[in-house]
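Q: The task is simple: from the sequences and hints, build the whole structure.
As you go down the protein sequences, you meet chains A and B in turn.
For what it's worth, UniProt numbering labels the leading residue of the first sequence as 1, then goes sequentially.
For what it's worth, UniProt numbering labels the leading residue of the second sequence as 1, then goes sequentially.
Heads up, a few of these hints could be off.
Unchecked claim - With a straight-line Cα cutoff of 27 angstroms, these simulated DSS-like cross-link-like pairs (lysine-lysine) come out:
{"no.": "1", "chain 1": "B", "residue 1": "Lys-90", "chain 2": "A", "residue 2": "Lys-105"}
{"no.": "2", "chain 1": "B", "residue 1": "Lys-211", "chain 2": "B", "residue 2": "Lys-283"}
{"no.": "3", "chain 1": "A", "residue 1": "Lys-105", "chain 2": "A", "residue 2": "Lys-165"}
{"no.": "4", "chain 1": "B", "residue 1": "Lys-283", "chain 2": "B", "residue 2": "Lys-150"}
{"no.": "5", "chain 1": "A", "residue 1": "Lys-165", "chain 2": "A", "residue 2": "Lys-264"}
{"no.": "6", "chain 1": "B", "residue 1": "Lys-116", "chain 2": "A", "residue 2": "Lys-12"}
{"no.": "7", "chain 1": "A", "residue 1": "Lys-264", "chain 2": "A", "residue 2": "Lys-49"}
{"no.": "8", "chain 1": "B", "residue 1": "Lys-90", "chain 2": "B", "residue 2": "Lys-78"}
{"no.": "9", "chain 1": "A", "residue 1": "Lys-192", "chain 2": "B", "residue 2": "Lys-283"}
{"no.": "10", "chain 1": "A", "residue 1": "Lys-49", "chain 2": "B", "residue 2": "Lys-150"}
{"no.": "11", "chain 1": "B", "residue 1": "Lys-78", "chain 2": "B", "residue 2": "Lys-150"}
Unchecked claim - Partial list, computed: chain B residues near chain A (C-beta under 8 angstroms):
{"no.": "12", "residue": "Ala-39"}
{"no.": "13", "residue": "Val-50"}
{"no.": "14", "residue": "Pro-143"}
Stated by the list, open to error - A few chain B residues that don't get close to chain A, going by computed Cβ distances all over 12 angstroms:
{"no.": "15", "residue": "Arg-19"}
{"no.": "16", "residue": "Arg-23"}
{"no.": "17", "residue": "Val-37"}
{"no.": "18", "residue": "Thr-70"}
{"no.": "19", "residue": "Trp-71"}
{"no.": "20", "residue": "Gly-74"}
{"no.": "21", "residue": "Lys-90"}
{"no.": "22", "residue": "Leu-98"}
{"no.": "23", "residue": "Asp-194"}
{"no.": "24", "residue": "Arg-204"}
{"no.": "25", "residue": "Ile-214"}
{"no.": "26", "residue": "Ala-215"}
{"no.": "27", "residue": "Leu-245"}
{"no.": "28", "residue": "Phe-279"}
No lab work stands behind these hints, which were simulated from the structure alone.
Don't be surprised by glycine CBs; every beta carbon is placed ideally from N, CA and C.
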Amino acid sequence: MSTRALHTLRAKRRRSALRTVAFLSPWLIGFGVFFAYPLVSTVYFSLMKYDGFGTPVFRGLGNWAYVFEDYPLFWPALRNTLWLVLVMVTCRVVFGLGVGLLITKIRTGAGVFRTLFYLPYLAPPVAATLAFVFLLNPGTGPVNSVLDGMGLPTPGWFTDPAWSKPALTALALWGVGDLMVIFMAALLDVPKEQYEAAELDGTSAWQRFRFVTLPNISPIVMFAVVTGVIQTMQYYTQPLVAGKVASGIIGGSGQQFEPGYPDKSTLTLPQLVYNLGFQRFDYGSACVVALVLFALAMAFTTLLMRRRGGLIQAGDGP
Amino acid sequence: MTQVLDKPVQLGTPTVAERTARRRALLEWIAIHSLGVAAALFFTLPFVFVVLTSLMSDQQALTRDLVPDTWEWGNYTKVFDTPGFLTWWKNTLIYAGLGTVLTVVSSVPVAYALAKFRFRGRNLSLMLVISMMMLPPQVIIIPMYLFWAKQLDLSGTLWPLIIPMAFGDAFSIFLLRQFLMTIPNEYLDAARVDGCGELRTLLRVVLPMAKPGIAAVALFQFFYAWNDYFGPQIYASENPGAWTLSYGLESFKGAHHTDWNLTMAATVLVMAPVILVFFFAQKAFVEGVTLTGVKG
Numbered sequence: 001m002s003t004r005a006l007h008t009l010r011a012k013r014r015r016s017a018l019r020t021v022a023f024l025s026p027w028l029i030g031f032g033v034f035f036a037y038p039l040v041s042t043v044y045f046s047l048m049k050y051d052g053f054g055t056p057v058f059r060g061l062g063n064w065a066y067v068f069e070d071y072p073l074f075w076p077a078l079r080n081t082l083w084l085v086l087v088m089v090t091c092r093v094v095f096g097l098g099v100g101l102l103i104t105k106i107r108t109g110a111g112v113f114r115t116l117f118y119l120p121y122l123a124p125p126v127a128a129t130l131a132f133v134f135l136l137n138p139g140t141g142p143v144n145s146v147l148d149g150m151g152l153p154t155p156g157w158f159t160d161p162a163w164s165k166p167a168l169t170a171l172a173l174w175g176v177g178d179l180m181v182i183f184m185a186a187l188l189d190v191p192k193e194q195y196e197a198a199e200l201d202g203t204s205a206w207q208r209f210r211f212v213t214l215p216n217i218s219p220i221v222m223f224a225v226v227t228g229v230i231q232t233m234q235y236y237t238q239p240l241v242a243g244k245v246a247s248g249i250i251g252g253s254g255q256q257f258e259p260g261y262p263d264k265s266t267l268t269l270p271q272l273v274y275n276l277g278f279q280r281f282d283y284g285s286a287c288v289v290a291l292v293l294f295a296l297a298m299a300f301t302t303l304l305m306r307r308r309g310g311l312i313q314a315g316d317g318p
Numbered sequence: 001m002t003q004v005l006d007k008p009v010q011l012g013t014p015t016v017a018e019r020t021a022r023r024r025a026l027l028e029w030i031a032i033h034s035l036g037v038a039a040a041l042f043f044t045l046p047f048v049f050v051v052l053t054s055l056m057s058d059q060q061a062l063t064r065d066l067v068p069d070t071w072e073w074g075n076y077t078k079v080f081d082t083p084g085f086l087t088w089w090k091n092t093l094i095y096a097g098l099g100t101v102l103t104v105v106s107s108v109p110v111a112y113a114l115a116k117f118r119f120r121g122r123n124l125s126l127m128l129v130i131s132m133m134m135l136p137p138q139v140i141i142i143p144m145y146l147f148w149a150k151q152l153d154l155s156g157t158l159w160p161l162i163i164p165m166a167f168g169d170a171f172s173i174f175l176l177r178q179f180l181m182t183i184p185n186e187y188l189d190a191a192r193v194d195g196c197g198e199l200r201t202l203l204r205v206v207l208p209m210a211k212p213g214i215a216a217v218a219l220f221q222f223f224y225a226w227n228d229y230f231g232p233q234i235y236a237s238e239n240p241g242a243w244t245l246s247y248g249l250e251s252f253k254g255a256h257h258t259d260w261n262l263t264m265a266a267t268v269l270v271m272a273p274v275i276l277v278f279f280f281a282q283k284a285f286v287e288g289v290t291l292t293g294v295k296g
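A: Here is the structure:
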């Protein structure tokens, strides 16, 4: 190759690299300023004693020891998170799959049913939570009125530590529309021939579900479970607002509300970051909880992205 | 024709097997649609009770009644007369509207590069985008708050929430990338052969084909800002003049103590716009939800 051709080739490469950088530039800046820098900074503050005034003082692992040993809200929040992962995520996936199946079987008015099933997912979380605190309020709420009318026990729902998480689960099931749509798409993708073949073999409906449907949609079920777990790590608005409204302690910026009402039963990890950082002004310990949250979220995200058999494939391209 | 003549009997009197099959199909139809109605009640009754309560008088809202004795449409006027309510509306529209425009403009080129350019580090970039998408916002909130409040003195405003949207939103980038992957490269090659640069190709060829994807992203982002509670809580709580609907709604219950009727009327007013938008853009929305999950 002549030097001239080499020269133009190099110029061409440089131009295409520049072009790539130009197209990526908004995100490159965003990645640096709103992701990489604050992450490093969070690690730094987790080792510092800092209340927002003066200068941070080095504290070593003191914040870590405080959070794990003396901070009274940490372990209850972690236990609640485990409960939510085991019960709420499972219920949501099973219910979402059930509703998805149902909608694929409905022949008459399918469009109307689909819209009705999907709408609650769109309700703004604060509004939906307020609505459920009202619907489930122990004294005069419609749900307990109906239960009472049928002679059934009337739980305290958001005011009873034993019932507050089930009440949040009910709220989460009401907004199952996202999973319904994903499962619906997956169910319609199952090859019809497989059902016909199974039917010719004289299988029961349950056997067809177990041996034809489930194997075909299992990647989507896994996807729903893992994203459900990641969403649980971010579960913030509903438990906090439910606790605040049910306790009666609300006042935009003024009154202090210790999250978790009733009796720490609605605490989740993200609420601890707020409590430590913005109510106790202990930025160092807040960053410790933030890093625990980060480790959990990333562990499940790598599950989503593993190359072979990963749920989101990153490798394929033009 | 011959077939019909061969079996004329079937037209009038169906065989026993056929009759059982038909009866089973009918029973199945009834079972499935009953389940459907039951599910529909579960999904719609909360809305119905909320709307009914929002129309009760102050006294009746404190009772166990389910249906209003007198229909108090004035409750809605009272909500609008609440100090601040209109400001919250205005702030929410600014946050959601401006945020959506900035997100789309900044995310489209990034998604296009990730979907259609070949370059070293592309897979790594995509994995980082997914990591950002999955990151709970609370993880980085302490340094971010110190940055906006102490260094730029912007606490008490919504700018700390709007400005970052000008630098690409991870979820929008990912969703758009998924959508752009479905556009065949032949279209792009044809444009390039015609002498279009990459920017022209993106604007003239790709954008018109990507309209459904962009619509979905815009909707998601608009709803995200509309629903956001944590962001306004961190940055705007100290200044009621900067509150959004989602944040102010909670304080509404505080100001009106036990007035469930007014609180529910306000709740309806926060839900209604989202649901209206959905009815106008249903297809784009459902398409978007499907895109987030399935296929690479």
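Q: For a quick check of understanding: which of the numbered hints are violated here, in increasing order?
A: Violated hints: 1, 3, 4, 11, 17, 27, 28; rest satisfied.
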